[in-house]
Each structure stands twice: as C-alpha cells, then as structure tokens.
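Enquirer: Chain by chain, the residues run as shown.
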Amino acid sequence: MTDEAILRVKDLRTYFNTDEGVVKAVDGVSFELHKGETLGIVGESGSGKSVTNLSIMNMIPNPPGKIVGGEVLFGERDLLKMPLREIREIRGNKISMIFQDPMTSLNPFLRISTQMMETIILHQGLDKKAAKAKAIEMLALAGIPAPQKRIDCYPHQFSGGMRQRVMIAMSLSCNPEILIADEPTSALDVTIQAQILDLMKDLTARLGTAVILITHSLGVVAGTCDTLCVMYAGRVVERGDTEDIFASPKHPYTRGLIKSVPRLDIASEGRLSSIRGQPPNVIDLPECCPFYPRCDQAMDVCKKKYPERRDFGNDHSAACWLYSEAK
Amino acid sequence: MKFPKVRSLRIGGKADAELNEFAQSMKPVSLWADAWRRLRKNKMALAGLFIVAFYVAAVLLAPILPIYHYEDQVISHANLPPSLRPAGEVMLETRVAYMRKMMKAESRTSFNAKEEADIEAMKADIKVNPDHKRVYVMGTDNLGRDLLSRTIYGGRISIMIGLVGTITATLVGILLGSIAGYTGGKIDNFIMRFVDILYGLPYMLVVIIMMAIFGKNVINLFVAIALVSWLTLARVVRGQVMSLKNAEFIEAARSMGASPARIVFRHLTPNTLGVIVVFATLLVPDFIMSESFLSFLGLGVSAPLASWGSLVSEGTATMELYPWQLLVPAISMTLFLFAMNFLGDGLRDALDPQSKNRA
Amino acid sequence: MSDSNVLLDVRALKMHFPFGGGLLGGQKGVIHAVDGVDFAINSGETLGIVGESGCGKSTTARAIAQLYKPTSGEVVLNGEDLTKLSPRKLIEARKNMQMVFQDPYASLNPRMTAGDIIAEPLRIYMARGLLQMSRKETDERVELLMEKVGLSRFFKNRYPHEFSGGQRQRIGIARALALRPSLMLCDEPVSALDVSIQAQILNLFKDLQEEFGLTYLFIAHDLAVIQYISTRVAVMYLGIIAEISGSADLYKNPLHPYTQALLSAAPIPDPAIEKKRKRIILTGDVPSPDKERTGCYFYDRCWKRMDKCAQCVPKLKEVGPGHKVACFLYHDPD
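Protein chains in written order, with the numbering used here: chain A, 14 to 340; chain B, 1075 to 1433; chain C, -12 to 321.
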C-alpha cells in the first residue's frame, strides 16, 4: 500500500430538505483512500454511509437533496465541481459501484451481455465483438461457470449470489481505480457471502483496485478492510487502521458497537453489552455530540458542542470530548 | 406462568422514555393526520375541497337561504336574463327590446298605439306589484322560475344521488371485494365472474329499460345506477385485500386466533381505506353524470323537481335565445365535477402509502 | 433428556407446497420446504434453528403455529397434537403459543395504535368468549406489558410509523406476551435491526425468559446470535435437520460438514482472528428444495462425500450425549 491518496474526501456535507425539516444526512465527512487499499465505512441506519457513497459520485437526487459543501478530490480534480459530462466518463470507468440488492440493480429486461457490453463500449471504445469477449473474460474471472453461454441469459435466470458476481464482473470490466461497494453481501446467505467477499478480495488485489466497502457488519469489516471509518449521525466518529480500531477503540460508540456484537468464538454468559437508546433522528439535529444520550461517559460539554478530532498516531483519530484537553 | 409485580426496570423504562424524547418527534401523528397535512399543500386539491364544501353547504342550507322557492312561477317574468336589477325593470327592458325588434321587422320607426298602451300598463304594474321587485341573479326559465334556486335545488337532487349512490356502491363493493379477495378459491371465482358478466352489460340500455318498466322516479333512478356502480370498487378492494393478506401483521392476527371476519374488517379494510376513499370521490361525479344523462334523455326526475341534468335538458332547447338557461346549470355542474376530480386526485397523492411509513 | 419436561414435541413434520398447474396444466412439482423434522423442546429452554435461505426454518415455525396446515407429521404441545385439533380447540391451544415476527415494519398493523396492537390478542379471545377481562384490566395489562418490554406507557396511542425499528419489535414482543403463553416462536426477530439495537432486544428476550419462564423456538441466520440465545441448536438444510446438539457443543465440535462450512463462513469481528482463519468455501449456490432426493441433501456441495451418500438419505442419529447428526461419516446407513 503506497502513500498516494487517490481519493480525498474533505468535509463533505449533504443535506436533504424534507417536510419535517433539514436532514443533515452527511455533516462533515473526511477521509482518504489510498491505491490498492480497502476502506470500510461502518454505520447503522441513519449514519449517512450510503448517502456519503452517493455523494462521492454526485448521484444525490436534487431535489430534495443537495451537496452543500466539501470537496471530493479524485487525483487533482474535485468531483463535485465537475460538469455532468465529465463525471459520466468517470462513472463506471474509473470509479465503479455495486449495490446491495442484486435483484434490482440489474435491468430485468436486458440480457447480461447487453448490460455488460454497454459499459465496455462506452468507456473503452471497443467494437461489439471485442467487448463481448472482454465481458466473457470478466465473467469467467468472477467465477461464473460456462460464461460464453450464460452471458446471453437474463438476470432472473441467475441466483442472488450469481447476480452479485455478475455485478462485480461488470463493475471491474473497465479496470477502475476505485470500486465502491454498498452493502454488497447483506442480502446474501452466509456461505455465499463468504464466496463473494473472497472473490472481491482476490480480484481487487489482482487488478490493484482500491475499494470502499460500506457495511453494517463488523465481522465483514474485520475480515476484508485495511482501514475503517465509523460513522454516526452523518459524521465520522473514528477512523484508522482496522486492527488499531478493534484492538483499541477510542470512541464510546465504536467501543459499544464492538462489545455488543455477539461472537462465535467466545461463549458469552449473562447479558450482552448493549448501547442503550435509539439511533438518532437526524432531522434538525442541534449543536452537540449526537451520541451523548446513549453515552455512558457523557459530560456537560457533550451537550453543547460537537467534539474536536483528536489524533492518536498512525492515522487513528476519533472525535470525542474525552480526549480533548480543551473543554 | 405468573405475572409478578413490576420490579425495578432494568430494561429501560424511564431512561428509555427520555431517550425517546430526544430521538423521536413528539406529537402523535396518525396516518390520517399525515395525509391531511399533505393534502393541504396541494393547492388544486384544496381548491377542490373548498368548492365541494361550498356546494354541499349551499344545497344543505337551501331551505333557509334567502332565495325564491323553486316552484314559484311568475309568468310575466318568463325568460328574463340574469341581472342585479329588480325584475320589473328587466322585464320592461326585454319587452321593449322585443317590440323594437318587431318594429324593425315591420319597417316601422315608432311604436303604435297598442304597444304604447302595453308599455304604460307594464310601468304602472311595476309600481304596484311587489313581485316586480324581485332580483333574479341567474335569470329565469320559461315559466318564470328563478334559475338560481332551481339550480341549487337541482344540485340538491344531483349531489344526493351522487353521495348516496357512492356510499351504497362503496359498501357493496367493500363487502364483496373483501370476501372475494380474502377467501380466494371458488367463492372468489364466482364473485369475480359475476362482476365480469355485469361489466359486459350495456349499462345505459339496462338502466333505460329498468326505468321504462319500473317507472320514473328518483328511487328507481338511484337503484338502477347503483346496481352496476359497485363493480370497479369491488375489483379494486379485492386487489388490495389480496396484496395485503399475506402481510406479516395479518399472519400475526391469524396466529392469535382471529376469525376471518375480524381479520377482514378490523385489519384489512382500514388499510385499504386510502384507496377506497380515492375511488369513492371519483365515483360521485360518475353518478352525477349518469343521472344527468338520464335526465337529459327525459328518464330522470320529473317536473316540478329539478336536477342538473333536467335543467340542462330544458336549457338546450332554448339555448340560442336564452343561453343562460343552459349555461347556469351546466357551469354549476361542471365546476362541481372538476372540484371532485381535483379532490380525488389530491387524495390519492396524500394517501399514498409509499411515503413516510419507514422511520 | 428427560421426557417429563417436554413442552413441544415435533415428529416427522413435513410441509410440501405444490406448484405449477392452474386451470389447464397439472401439478408441475412439489416444493419440499420441510421434509421430515423431529425435535423436542423442554420447558424453559431455547431451541435455536439456524440455516440459510430455503432451508425451511421459517416454514417450520409457521407449520408448528398451524399457520400452514402440515402435510404430515405431529406437533404436540402440552400433550395435545395441534394438527388434529378442531378449530375451536386449536384456538384455545394457541393461547399457549405465540409468534414474534421478523419485519418490525410489516408485522404491525399501520392503522392501529401501539396499545390496540398489544391488546388485540386479548380482544380476540374476549370476542370468542375464551377470556373475561374488563376494559380497565385490559388497559392495565397493556401498560404492564409495555413497561416490561421497555416502552413508556405514554406511547400507547402512537402509531407504528412513529416508532423506530427496535421499538416496533418491542411492541411485537409485548403483543406476543399478552396472553401469557408458555411457548414463543420467534422468526428471525432481530435480523432486521441495527447491531446496537439487536443487542438490546436479545437481552430483552433473555430477561423475559428468566422472568416469565418462557420457552423459545428461536430462528435466525446469524450463528453468533443463535449461539448467544440458545440452549440447543438445530442446523437445517433443504428442509431437514442436519445436526442438533447443545449450543456450546455445536460450536466447539461441529460434526456435519455443512455445520462446519457455516461456522467457517461466519465472519468474526476481530481482524487478528480473521486474518488467520482458513475458510471452507463451499462451491455452488444454495439449492432450491424442489427435487425429490435419493441421497444426502448436501451431497452436491459436500467436500467429504462418499459413494454411499448418494444412495440413501442419512437419518438423524445420536452420536454423542445430546448430539445428533444426519451424516454417514458418523453412522452407517440402515
């Protein structure tokens, strides 16, 4: 893993205007992605992880959403300020996405060949025959048996796991620099999930693709991600190397989250440690640390201001008043 | 299993309530209140609502409104145009204008003695007869009856037919649709084939034949129309019930031993009400149009009762000479139908179940 | 395992769904959703059922609850075979057996208040003349239940869409408790919840079990959750039980190859461990239960298969104290 950051997100803010008020879905998110790295974004519902993902590719529906601030630097260029035409050249080509539900991310009316060739022809300028050959090659790489025959099938003729493989093949067919995977295995069974994660690790290592993996599962993150961002109520509350964070979680939310996941390898007696309360309602969130009502170590200052970020070395940082001298 | 007394709550209780304050909105908001809020934002629908409310108020309050009785005839006031001036003046004007036309046709330049005498008689009568002080804001018909009052009373009949017909059709439609949708199988088949057959009947023909056989009065009219209007609603309800009956909360009710009747009426129907309300508001114009068509054909209400349809029918006969006799009832009816349609559209959007059911 | 304490005894339960056909065509085939399931649950314990999609675990729960009429087999609750009861008697028996569902959004009637939803079982039984309660008693019971599951009773008049997912699930649990059942069938009750809420609800389940002496049939697809909540675990595959044993034993000593593959595939939230793990990656997809099978159901994907596995179906046999497995690696075909 080299030091060049190919994607730098700085203070990204995406707000939605709804009937009930302003939803600050993403409220100051910053992180960096390096070449070949797998970055995990972990959060629960309402944390803003999916919106962050869509914001990077400037795919927020407007109205009601709007990216109101921040930069997304891909190389030297800010994706948020690019004209639509240029962004389209990047989508699917330099930055690819796969989504959670393989049932709905493929067009049920088109054959797989049509859908895959569309991307390849668009971005790589190959003719039909060459594009089809490339598509078949990618399907084989993704572990689809008899790809020359199956490429002409329709999506409903594939199972869930197979469809996800097709999605992976499609998204990697233009050899992108970054693959953004939004909960790619949440809808899959455990044994299939293991297959798909294995495949992703293998292919992205071979092609040198950097990956942003969005998930709610700490287990998946522990097994696949090099670095990690933990999100809560639209902000990154802790980030750093996966091993560092699991070994020594700094933010009370991260700690609580890790402790509350039941573990296969440790027989737990008694009660599970849990975080009390509900996920936050991000409509018209006041100026405070959004985690304070659920935090065992909340202090007065937590109710008044959002905490400053504190660095713990090795790129591990957390935003919490517990670590801030200034109160 | 005993239910022990409440111990100190480890599980949440007060602390949880506080957290819930922070995390959730405070006011209980039922799905109806939510729909109302959305309806309010839709300007067209609101306008429709106000217009409909205005009409309903007008026809309900008709007996106490300061309007003339719809049967009141003043022959000398026949065919007067709408005006804010007293009827006497208007009558005088129209007569004089008419006499001038006759004069021109006969190539005369002044009134003859008889005409002069008539005019003087009219003027005298106007001073004496209190009837001539009446104001006919919408003009009169060929028997000197106030068109405004006839339109209002006509609206009464039309709207009543619309509402009562819709309510009946809705109840029958819900009943048969729910039974068909929930039980499925042979009963469903039977009911739906019955619906299909009724759909296939040439509706107007059937109604006309029925009116011819059983006589023309409001009751028969209403029965004839209601007989086939429940069909679409039954189909719609059936569709809704079928899609909902496998929902988990219905499974939960079944697992608790709820009887099918309870499931249909306590659990399924309230969840289909949204769609039903929308369809029902669109049925009302349907009924009114059918009734007015029948009345237009002469098969609807009979004199001296009026309905919008019969008024339009009468007005068509004289529309070249006295256009207001057609325009007033026609525009009134059209405005009401538009308003109902906008309201129905707005309701459909406001009650859309897709919206904010997910927290 | 002593027999005297058995609350629920399921014997040779089968649930087959015919498909295909219609007006003209005949039946095209049968889905063997549940294809011969045997187990017994003792009073006060929790049997966890784990498996992937298509294994039949949800169908098993619904067949036990008599939401589907079992194709064959017996479901004996408190000594009565539910499959043979008259409708009237079945409703009486249901008092003792209630269900908690998976989807907190779909399992509550969106047009009823929380209080009404929780009171509904009471009202149903009152309408049938099987329960006598005054209005005041009903209200009190509802408020008590709400406090037991951790909801403020002031939310009695709120509608489901005003609650979060975890709170809705609490309402569902309160509803299931209303009739004071002895057996609770829980169909993936935490699968749709956030991780931090999941822990709260699992704790709630345990607390309620302790307080009220409940017996659970707990279904989930997450192995770690099942391990935490269950005393015994059954692993299902394609409609049959592949392995059943005490919870700790199953995780320390999985016998059936499928169990081993499942455990190996399940992610563990610890990067140090994950890096060192050797995964058993199964080939192929989770098959669908629409074929008649002459051999072991797991034959196609098993890396330890032998010839005899294709020839007859292994039965569930006891190979250790309380540990049963259906695999010819551990016992011979009859």
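Bear in mind the hints are in silico, worked out from the structure with no lab data behind them. Note that the structure is a prediction, hence the values are computed from the model and not measured. Glycine included, each C-beta is placed from N, C-alpha and C at the ideal position. Wrong hints could be hidden among the right ones.
Derived DSBU-like pairs: lysine-lysine, alpha-carbon spacing no greater than 30 Å straight-line [unchecked claim]:
hint	chain 1	residue 1	chain 2	residue 2
1	C	K82	A	K214
2	A	K48	C	K265
3	B	K1319	C	K262
4	C	K262	A	K272
5	C	K82	B	K1319
Chain C side only, calculated, beta carbon under 10 Å to chain B, not exhaustive [said to hold, decoys possible]:
hint	residue
6	F6
7	V17
8	I18
9	Q53
10	S94
11	I111
12	D126
13	R162
Enquirer: All the hints need checking, so say for each whether the structure fits it.
Expert: Hints versus structure:
no., hint, result
1, K82(C) x K214(A), "violated, 51 Å"
2, K48(A) x K265(C), "holds, 27 Å"
3, K1319(B) x K262(C), "violated, 47 Å"
4, K262(C) x K272(A), "holds, 20 Å"
5, K82(C) x K1319(B), "holds, 22 Å"
6, F6, "violated, 16 Å"
7, V17, "violated, 20 Å"
8, I18, "violated, 16 Å"
9, Q53, "holds, 8 Å"
10, S94, "holds, 4 Å"
11, I111, "holds, 5 Å"
12, D126, "violated, 15 Å"
13, R162, "holds, 7 Å"
Checked against the numbered hints above, the structure breaks hints 1, 3, 6, 7, 8, 12 and satisfies the rest.
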